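As given, the protein sequences belong to chains A and B, one line each in that order.
Every letter in the first sequence is one number past the one before it in my numbering, and letter 242, counting from 1, is 242.
Just add 1000 to wherever you are in the second sequence, counting from 1, and you've got my numbering.
Where hints are given, some of them may not hold.
Unchecked claim - Facing chain A, from chain B, some residues (calculated, C-beta under 10 Å):
(1) Arg1088
(2) Pro1122
(3) Phe1125
(4) Gly1127
(5) Ala1130
(6) Ala1166
(7) Gln1169
As the list claims (entries may be wrong) - Which residues of chain B face chain A? A partial, calculated answer using Cβ under 10 Å:
(8) Gly1057
(9) Asp1058
(10) Arg1060
(11) Ser1063
(12) Gly1098
(13) Leu1112
(14) Arg1148
The hints are simulated quantities; they were obtained by calculation from the structure and are not laboratory data.
As the structure is a prediction and not an experimental result, all values here were calculated from the model.
For every residue, glycine included, the Cβ atom is placed at its ideal position computed from N, Cα and C.
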Amino acid sequence: MKWLATIVIVASFALPPFFAGDFYINLASQILIASIFALSLNLLVGFGGMTSLGHASYLGIAAYVSALLTSRYGFGHGAAAMLSLSATVVMAALFGLIALRASGLGFLMITLALSQVLWGLAYRMSGVTNGDNGVAGLTRPAPFGIPLETPASFYWFVLFIAVLSFLMMAIFVSSAFGSSLRGVRDQPRRMAALGFNPWLIRWITFVYAGFWGGISGLLYVYYHKYIHPSALSITSSAEALLGVIAGGSGTLGGPVVGAAVVLLLKNFASAYVERWNMLLGFVFLFIVLVMPAGIVPGVEKLTARFRGKRS
Amino acid sequence: MNASRSDHALELLSLKKTFGGLTVTHNVSLSVSPGERRLIIGPNGAGKTTLFNQISGDLRPNSGVVRLFGRDVTQLPPYRRAHLGLSRTYQIITLFSGDTLEHNIMLGMLGLRPSRWQMCRPLSFYGDLATEAHRMLDTVGLLHLAGRPISDVAYGEKRRVELAMALAQKPRLLLLDEPLAGLSNAERSTVKSLITSIPREITIIMIEHDMDTALELAETVTLLDYGRVIVDGERDAVIADERTREVYLGT
Chain A
1 MKWLATIVIV ASFALPPFFA GDFYINLASQ ILIASIFALS LNLLVGFGGM
51 TSLGHASYLG IAAYVSALLT SRYGFGHGAA AMLSLSATVV MAALFGLIAL
101 RASGLGFLMI TLALSQVLWG LAYRMSGVTN GDNGVAGLTR PAPFGIPLET
151 PASFYWFVLF IAVLSFLMMA IFVSSAFGSS LRGVRDQPRR MAALGFNPWL
201 IRWITFVYAG FWGGISGLLY VYYHKYIHPS ALSITSSAEA LLGVIAGGSG
251 TLGGPVVGAA VVLLLKNFAS AYVERWNMLL GFVFLFIVLV MPAGIVPGVE
301 KLTARFRGKR S
Chain B
1001 MNASRSDHAL ELLSLKKTFG GLTVTHNVSL SVSPGERRLI IGPNGAGKTT
1051 LFNQISGDLR PNSGVVRLFG RDVTQLPPYR RAHLGLSRTY QIITLFSGDT
1101 LEHNIMLGML GLRPSRWQMC RPLSFYGDLA TEAHRMLDTV GLLHLAGRPI
1151 SDVAYGEKRR VELAMALAQK PRLLLLDEPL AGLSNAERST VKSLITSIPR
1201 EITIIMIEHD MDTALELAET VTLLDYGRVI VDGERDAVIA DERTREVYLG
1251 T
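With the rest of the complex left out, here is chain B (with noise of 0.2 Å):
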């Protein structure tokens, strides 16, 4: 086991983090292996956000340690993480509203890569970021609104755009913070089919309400609650778990 440490995608050893007297992550540690499909539920509340923040770096955990690729990179701030292969969606949606779509997705592009610094150029003279951002839009079925402003388009096609902004930067690692959130039938399938098609060299952690869709996508699932790893497993055995039902499934 001890040999295998490295070959995580993820590994969360201990992770503890409190907001004044309140523990939001209590001792959490659990590891992913490249490729995995990791669903992680719990009722409201229960720190999955919380613990994401922790991953990404926009909360430094009270102690424990954060392994990024066999890397620790508990004191790294998140743009280094970023650099590193990590890549996240937001729950709440946190797009550039005034630029348009194609804008956005360079822009998620742009942050990698060392024209980042160029003081010269105007963004919209990289070609190719340009070719790359469409190719991202059309993945996602948008291409036909690339020159629409963000704040023109409806919700759906905003969750759309976050999950083409994340991908646009080719990650090793994705964490998708309730991608169906909000979404129509018709747009949930849309987006299920886009994560079923992310490559498998992509690491996938998901926090998801909708078991019905997220189960189907998931392989594996960790089940929190009070900032605590309830169980932790394959997916059908998580399922089956009395404690599932218990804390979150209902009778």
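Here chain A stands alone, though its shape is the one from the complex (with noise of 0.2 Å):
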């Protein structure tokens, strides 16, 4: 039953290009952008345990370094893409170092405080980075030649990337490291008791989430072809931190279904509603009123006592 559910899940990604008009594609092409930055947040929330409000560092940080590289210095999109990745892990690891000196709150206010300095780094470095314009002019990369300009095709190469981002974060998780990692969300002293460098595992992590976060980031410049500081702003953080919490923090599935809900409601509710940030926090406040884990723990709750009943 579950299986089969995930194949109706899975298949139906494979769907919109078919079907659906080019805003549809579009959309959803951006939802799943928005699933890996958030499954990638998901690694340090849900399994880790550290509640970032910084995440958008990665994802801005990619983005401007392939844009950047791309647009002014004659890279090729290959080499920005590894450029960028790099300089991504790079400063995932500086962060790490410090944020990781704290943890629970303190740790949320370093992540804030550090995507804040690049945010505003962002808008001030305007010799570098062109300010509130932003870059813009940029392309897409044909990858083994094959343009990504329609949307379709940039549909399927981005479904490609999420595919592959999924299953290497749920093996992740899924492993011997990830074991320790859940164990040292909830007994940090009891596994350094055990032989775990708590630190370590975390700061790994860490930098891991970085750099699905710069992934995350690279789609993110290909689809809009522009970068703007707000990129890097705390809006893109807390959004995706909401989709997460929303769809259910520790799932695999719950940060896909948390940025769906994000997105979806930023594009319809946005047509109808001129207020659809405060749309946005109802449905919020109604999730976490129902169903407090999530949507995607509170579901599999729901059909487990609808069978429950029926048998």
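Hints are included, so try docking the two chains, each in its own frame, into the full complex.
Below, the structure is given as structure tokens:
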């Protein structure tokens, strides 16, 4: 039953290019990109117990480095992608060294502060980043000579990367290392007494999450062909965090569902309601009240109860 | 005496720990030989668990030295000490309550193996760990519950999982913090015989309030009060000592 549901969901991701119009295909691409971003944040929040409010840093850095390298310095997309991912990983490693000196609220505040520094730099260092105007006129890569200019071709490309990311992160959390990560989340003192190095486990996860945040950043800038400091803003981090929590932190499906909810609300509600942020707030309030653990665990619980009644 | 120093399983040299103005460990020096069964007693607030936490590395002493198997570990973090053969249980149960008994024991064993850094293979794929975990659960009489989550089993059984988890690490020095706390009489004798059956290669230091049971398990006893060692020595000598009666046993 669970397998059937999984297959149906996965198959439904292959449908948009055949049935939907360009608007919906593009929306689906954005949902997938946001899903990768939310999944990477979920490694920290859900599996590592490290609630970060600065995850947009990694999306933003990868996007900006790629944008600047390709548009200004004449790099090809392949080399630019490698360099921007390397830059993201190095930055995540440094930010991890600083942020992991604290835990809980302290950790949250440090991640927020670091990402605000980047956001400020993106705005003010206009000589490099072009400031509030953003970097425009970017191109999409053409992997193996296949252009990604149409919504459908770009969607297939994003879907491929998204499936790969999802699998890699799923393997990561279910591995032996993933078990120790969850152990450190629940009982750090006990884990240390058992011979695990809690700090190093957290740091490695922090860097790994930064890497996948960078992947989503590359896709983000390929999609929009434009990058603006707002990608680094607290709103960008908070939306992903809301998605993770609403969908179900510590689950693999949750961030995907959560990211979809956020983007759907943003795109549809904003067409009808001017204060769509308020609507977003009400929807999250409703989710938290009805399904405190998030949509995915909540629905699982409901179906279990339903099945229990039937049998 | 000095020549045999490195033979000690554990040696504490004038350990001192203060919390603010309160001195909780006051110049504590003691040594435990390999294979010894040492009981640490003392009234509530005597600093027993604080002493344990300094041995395991959860707390750093203000001054003094902790030597584990002849090696100065005072500055080492807890996980490094675990790799040197130190294992402990907790007074307040700290197990992974959502996971199965089997998973808990396996996680404990994983901590000392290089495969803890393995990022591709699930823990459940490690057949050797599972076999060993089952053997361990069998030893403590909980094999039939191996697949159940910790949150499903009774308190007394959790205490035994704590013990199994520590033993599965094959420690050289085992710290037991009130292993009998809150157990029924029947469970008490089960755990007691479990502790008795631990092989002699493992040195045991135990904090326990249940004097009747604990004294039977111990060979040597250290009495703490207000963070100081009051009496230290052979069990019978410590029991007979005037000061023990005064501090702990009452009249």
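*Hold the hint about Ala1130(B) up to the distance rule: shortest CB distance to chain A must be less than 10 Å.*
Violated. Min distance 12 Å.
_Gly1098(B) as chain A interface residue, shortest Cβ-Cβ below 10 Å_ = holds (8 Å)
*Per the CB criterion, is Ser1063(B) less than 10 Å away from chain A?*
Not OK, violated: Ser1063(B) not within 10 Å of chain A, min 23 Å.
_Hint check: 10 Å Cβ-Cβ cutoff, Gly1127(B) to chain A_ = violated (13 Å)
*At a threshold of 10 Å, is the proposed contact between Ala1166(B) and chain A supported by beta-carbon distances?*
holds (9 Å)
*Against chain A, run the beta carbon of Gly1057(B) and see if the smallest gap drops under 10 Å.*
holds (8 Å)
*Given Leu1112(B) was flagged as interface, is its beta-carbon under 10 Å from a beta-carbon of chain A?*
Constraint on Leu1112(B) satisfied, holds at 5 Å.
_Next item in the hint list is Arg1060(B). Is there a CB on chain A closer than 10 Å to its CB?_
violated (13 Å)
*With chain A as the partner, please determine if Arg1148(B) meets the hint condition of a C-beta pair closer than 10 Å.*
Interface hint status for Arg1148(B): violated (18 Å vs cutoff 10 Å).
*asked:* Interface hint check: Pro1122(B), Cβ to nearest Cβ on chain A, cutoff 10 Å. Holds or violated?
replied: Since chain A brings a Cβ to about 5 Å from Pro1122(B), closer than 10 Å, the hint holds.
*Hint status (Cβ of Gln1169(B) to nearest Cβ of chain A, threshold 10 Å)*: holds (7 Å)
*Hey, does the Asp1058(B) contact hint survive, CB to chain A under 10 Å?*
The hint holds - Asp1058(B) has a Cβ within 10 Å of chain A, the shortest such distance being about 6 Å.
The structure fails to meet hints 4, 5, 10, 11, 14 from the earlier list, while all remaining hints are met.
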